[in-house]
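What follows is each chain in one-letter form.
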Amino acid sequence: MTALSIARSRLGQVSWSWLGVAPFFVFALMFLILPTGFLMVGAFQDAGGNFTLANIAHLFQPSILSAYWISIEVSAVSAIAGAVIGFFLAYAGVLGGLPRWIRPTLMTFSGVASNFAGVPLAFAFLATLGRVGLVTALLVKYFDFNLYSTGFNLLSFSGLALTYLYFQIPLMVLIMTPALDGLKRDWREAASILGASSWQYWRHVALPVLWPSLLGTTLLLFANAFGAVATAYALTGSSLNIVTILLYAQIRGDVLHDENLGYALALGMILITGLSNLAYIWLRTRSEKWLR
Amino acid sequence: MAFLEIKDLRKAFGPLSVVQNFELAVEGGEFVSFLGPSGCGKTTTLRMVAGFEQPSAGTIRINGRDVTGLRPNQRNVGMVFQSYALFPNMTVAENVGFGLKVARRPAAEIGARVEEMLRLIKLPTLAGRYPYQLSGGQQQRVALARALAIKPQVLLLDEPLSALDAKIRVALREEIRSVQRKLGITTIYVTHDQEEALSMSDRIVVMNEGRVEQIGTPFEIYNYPRTRFVASFVGTLNILRARVTDAGQRRIAIDGQEIVARRGLDGTASGELRAVALRPEAVSLSDPGGERNRLQGTIEDVSFLGSVVRIRVRFKENAISLDTFNNPGLAPPEPGREVTVTFAYDDVLVLEGEAS
Amino acid sequence: MKRSKLGPWLAIVIGAIYFLVPLIGTFEFSLRMRRGEYSFDAYRIVLGDPQFQATFAYSTCLALATILVGALLVVPTAYWIRLRLPGLRPVVEFITLLPLVIPAIVLVFGYLRIYNSSSWLPLTASDRATDLLLTFSYVTLALPYMYRAVDTGLRAIDVRTLTEAAESLGAGWPTILFRVIFPNVRVAVLSGAFLTFAIVIGEFTMASLLDRPAFGPYLQLIGANRAYEPSALAIIAFIVTWACMGLIQVFGRGARMAAETR
Ligand SMILES: Nc1ncnc2c1ncn2[C@@H]1O[C@H](COP(=O)(O)OP(=O)(O)OP(=O)(O)O)[C@@H](O)[C@H]1O
Ligand SMILES: [Mg+2]
Chain W
1 MTALSIARSR LGQVSWSWLG VAPFFVFALM FLILPTGFLM VGAFQDAGGN
51 FTLANIAHLF QPSILSAYWI SIEVSAVSAI AGAVIGFFLA YAGVLGGLPR
101 WIRPTLMTFS GVASNFAGVP LAFAFLATLG RVGLVTALLV KYFDFNLYST
151 GFNLLSFSGL ALTYLYFQIP LMVLIMTPAL DGLKRDWREA ASILGASSWQ
201 YWRHVALPVL WPSLLGTTLL LFANAFGAVA TAYALTGSSL NIVTILLYAQ
251 IRGDVLHDEN LGYALALGMI LITGLSNLAY IWLRTRSEKW LR
Chain V
1001 MAFLEIKDLR KAFGPLSVVQ NFELAVEGGE FVSFLGPSGC GKTTTLRMVA
1051 GFEQPSAGTI RINGRDVTGL RPNQRNVGMV FQSYALFPNM TVAENVGFGL
1101 KVARRPAAEI GARVEEMLRL IKLPTLAGRY PYQLSGGQQQ RVALARALAI
1151 KPQVLLLDEP LSALDAKIRV ALREEIRSVQ RKLGITTIYV THDQEEALSM
1201 SDRIVVMNEG RVEQIGTPFE IYNYPRTRFV ASFVGTLNIL RARVTDAGQR
1251 RIAIDGQEIV ARRGLDGTAS GELRAVALRP EAVSLSDPGG ERNRLQGTIE
1301 DVSFLGSVVR IRVRFKENAI SLDTFNNPGL APPEPGREVT VTFAYDDVLV
1351 LEGEAS
Chain X
2001 MKRSKLGPWL AIVIGAIYFL VPLIGTFEFS LRMRRGEYSF DAYRIVLGDP
2051 QFQATFAYST CLALATILVG ALLVVPTAYW IRLRLPGLRP VVEFITLLPL
2101 VIPAIVLVFG YLRIYNSSSW LPLTASDRAT DLLLTFSYVT LALPYMYRAV
2151 DTGLRAIDVR TLTEAAESLG AGWPTILFRV IFPNVRVAVL SGAFLTFAIV
2201 IGEFTMASLL DRPAFGPYLQ LIGANRAYEP SALAIIAFIV TWACMGLIQV
2251 FGRGARMAAE TR
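Residue numbers (this note's numbering), protein chains in the order written: chain W, 1 to 292; chain V, 1001 to 1356; chain X, 2001 to 2262.
Calculated from the structure, these hints are not laboratory results. Backbone N, C-alpha and C define an ideal beta-carbon position, used for all residues, glycine too. Mixed in with the good hints there might be a few duds.
Straight-line alpha carbon distances no greater than 30 angstroms define the calculated DSSO-like cross-link-like pairs of lysine-lysine that follow [claimed, not checked]: (1) Lys1151/V / Lys184/W; (2) Lys1122/V / Lys1151/V; (3) Lys1122/V / Lys1101/V; (4) Lys1007/V / Lys1182/V; (5) Lys1182/V / Lys1167/V; (6) Lys1122/V / Lys184/W; (7) Lys1182/V / Lys1151/V; (8) Lys1101/V / Lys184/W; (9) Lys1122/V / Lys1182/V; (10) Lys184/W / Lys1167/V; (11) Lys2005/X / Lys184/W; (12) Lys1101/V / Lys2005/X; (13) Lys1151/V / Lys1007/V; (14) Lys1167/V / Lys1122/V.
Here's a subset of chain V near chain W, in silico, CB distances under 7 angstroms, partners left out [stated by the list, open to error]: (15) Ala1050; (16) Phe1052; (17) Ser1056; (18) Asn1073; (19) Phe1081; (20) Ala1085; (21) Asn1089; (22) Phe1098; (23) Gly1099; (24) Val1102; (25) Phe1304.
Residues from chain X that keep clear of chain W, each with C-beta distances beyond 12 angstroms, as calculated [what the hints assert, rightly or not]: (26) Phe2040; (27) Leu2064; (28) Asp2131; (29) Ala2156; (30) Ala2165; (31) Arg2179; (32) Asp2211.
Isolated chain W, as found in the complex:
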């Protein structure tokens, strides 16, 4: 075989190989990259297609800013609380030394609960903690305690965060369980025989080893809550001013229609989830010199 024909056959092989993943990349382009890119470009254009920063400037009106802020708060609170609680649950299931049936039960239940989101979840919490919900009623009946007199409202910030936890915690459990399995018994024993207390083992070995997955999962929970529409919409209608609901109303044309402002809203959301991901990647590379 001549060098030319080798080169050609190799060339042929390469283009062949590319063809195998072409459908995937076409799909990704059409349904992930282009739509997102279109919005990002549109955010910097006016109705006539000229470059403008006006849409971005519009984002800085108080009602929109506060929507972003509430969204970020709800997402951060439910992500961090979900991560902490989920971590302890996963810990209890894996390392707590509980009976063997606990763990598979916990995992199955987490699988179900993490997917039990959206509209039905809102119904469930309304039926439980709404003004006529079971728990609300029972608290009044047996403890003479009116939940709603404390300022609690399911249709508010705290209610939404509490509801989101219903899928955030199980998601954390699902992801942390294999991560906790990855902690080798030998590490704990090696630490212990070197004189470390249980706390020192967690502080110097286990938590640093788990740190990337802890951080990554918390971030995933954040994005999960930040982009959620259905639960909030079904729970609060449009009474709670969060950014997804604002965008939803924009798209539906329920409110004063301004397409390019919609783009800007979307751009803001992408920026926030994108930036938090970049932050994660940066933290990870910093904290993880020891990873291959």
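Could you slot chains V and X with the ligands onto chain W? The hints should help.
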């Protein structure tokens, strides 16, 4: 009193009794190996000494102090694991210094000690590497340094070399032994590799099914196994079934052919069935003449192992393996040939207990 | 080393309370339709509602279509990446993770703009075309789960050896893919499929914004207008989700047993 004293140690997991009546006294600076087949309880015993498992009964004393109820982090014991168990998130130096760090020693002291340890294991330039950047052999040496950095009273090693390949195993074996000698640290070494145990140890504890079969120096264990188990586990012994024909005259019969057995016949009665051990290297196909045992049999199998040719000779019920050196000028004998094998009276070892 | 089990027990018990109470509350509420006594009236009304049946059937069809398209897209890609283009793996993995980062509402907003009736590809022009677009949207949503499930499944089998064995027997690519690879990752695809089903069946945002008569928007509508039926629907949705997860476990266990006896 011995430095490390284990008295009547037992361990059961539920109904399963894993270690029974374990007794051992280790002198200061001594290197003792636990040798035995997989599942015989070596690791479990070692883990009780380390404090990872609570014994079901018995006591463990280190340097006169009863440590049976103490947690691992209160025992001042060093341990090296089969899997190395280095902390992946720490550099070599941080790993080695970990024990001192959690004991809140000043940084200067930690630094000096780490440097000393890395020099001891001959890896002074790798202080800044992470475990994944080291070979298996290097990782295990770091693990050794980490265990020694806290100046433990006792060093425990659980099959530290079994994850490494053969060459490094031999090199590291010698290195561990020389470090141990240099520091004079009391050491227990778990292995199921008899060569390792024989070459490294001051004394060997041969274990089987949770029990101590025999404790002795490598020389004693190899040359004077007390039980059939020890004889078959250490070395490649021939085990034969023999009938004691005349206990007084020290005569026994193997498949009807009478021989003389010099060792281990005390306390037996004529007519008893006993197991008899015979080392392959003690048996010869040539006959130097003189006072020797002679047995007639048929060559059953010849296997060529390179420098050595292993020949199996069958009598009736029993068979013997023997090794001859390969001689390029001489073809190995053919199977089916009638031969006479010879061995000295002293090489026949009658084992404890009835023949099975 | 004895550690106290109080903490772990406490965590599990509190977790169990938090997760069971809303279910109990919802169930109790769904039985309250008749005054003064418990009844299954709400369920009877819901299940008998032609709207319920129509939207549920519609969403089921969409879920099945999503699973089919998703499997056809993901399995060959994951296979090809493992076999021929391992260098592209990080890129593909990154792309499959994007739907977890870009909110669904943003994606569907983009679709509405790019594929509107006056665009180069008017996917929202007719109902059938919009169904197609919604299916693709759902494939996007399911992409992270489907890809991970299939890739894990492929890791368990030796793709290269299987392929070479099939090639040496003269099999062509379609044969290898459909007769060798698909059957071997069947369990992985199935578990991805049930997960996809659980996600798609009650999905609200995309269906509502594309204006299709799916189960999610129906749920929302009922929630806004009725009192007891929503609770009954929530319980039904929970049972559907549970069934999907249960089926994943059943198939997963079957596969594990098969692997152990092999
Ligand atoms: N935590 C445990 N629970 C129940 N049984 C156990 C436990 N740990 C060990 N065993 C059993 O105890 C016996 C001895 O185990 P051990 O690990 O001490 O053997 P070993 O001599 O170290 O073997 P190996 O050479 O394979 O490491 C085995 O039969 C094992 O199955
Ligand atoms: Mg062992």
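Do the hints match the structure? See the list:
no.: 1; hint: Lys1151/V / Lys184/W; in the structure: holds, 25 angstroms
no.: 2; hint: Lys1122/V / Lys1151/V; in the structure: holds, 18 angstroms
no.: 3; hint: Lys1122/V / Lys1101/V; in the structure: holds, 22 angstroms
no.: 4; hint: Lys1007/V / Lys1182/V; in the structure: holds, 29 angstroms
no.: 5; hint: Lys1182/V / Lys1167/V; in the structure: holds, 23 angstroms
no.: 6; hint: Lys1122/V / Lys184/W; in the structure: holds, 28 angstroms
no.: 7; hint: Lys1182/V / Lys1151/V; in the structure: holds, 13 angstroms
no.: 8; hint: Lys1101/V / Lys184/W; in the structure: holds, 21 angstroms
no.: 9; hint: Lys1122/V / Lys1182/V; in the structure: holds, 14 angstroms
no.: 10; hint: Lys184/W / Lys1167/V; in the structure: holds, 28 angstroms
no.: 11; hint: Lys2005/X / Lys184/W; in the structure: holds, 20 angstroms
no.: 12; hint: Lys1101/V / Lys2005/X; in the structure: holds, 29 angstroms
no.: 13; hint: Lys1151/V / Lys1007/V; in the structure: holds, 25 angstroms
no.: 14; hint: Lys1167/V / Lys1122/V; in the structure: holds, 18 angstroms
no.: 15; hint: Ala1050; in the structure: holds, 6 angstroms
no.: 16; hint: Phe1052; in the structure: holds, 6 angstroms
no.: 17; hint: Ser1056; in the structure: violated, 19 angstroms
no.: 18; hint: Asn1073; in the structure: holds, 5 angstroms
no.: 19; hint: Phe1081; in the structure: holds, 5 angstroms
no.: 20; hint: Ala1085; in the structure: holds, 4 angstroms
no.: 21; hint: Asn1089; in the structure: holds, 4 angstroms
no.: 22; hint: Phe1098; in the structure: holds, 6 angstroms
no.: 23; hint: Gly1099; in the structure: holds, 4 angstroms
no.: 24; hint: Val1102; in the structure: holds, 4 angstroms
no.: 25; hint: Phe1304; in the structure: violated, 43 angstroms
no.: 26; hint: Phe2040; in the structure: holds, 16 angstroms
no.: 27; hint: Leu2064; in the structure: holds, 18 angstroms
no.: 28; hint: Asp2131; in the structure: holds, 15 angstroms
no.: 29; hint: Ala2156; in the structure: holds, 15 angstroms
no.: 30; hint: Ala2165; in the structure: holds, 19 angstroms
no.: 31; hint: Arg2179; in the structure: holds, 17 angstroms
no.: 32; hint: Asp2211; in the structure: violated, 9 angstroms
In this structure, the earlier hints numbered 17, 25, 32 are contradicted, and the remaining ones agree with it.
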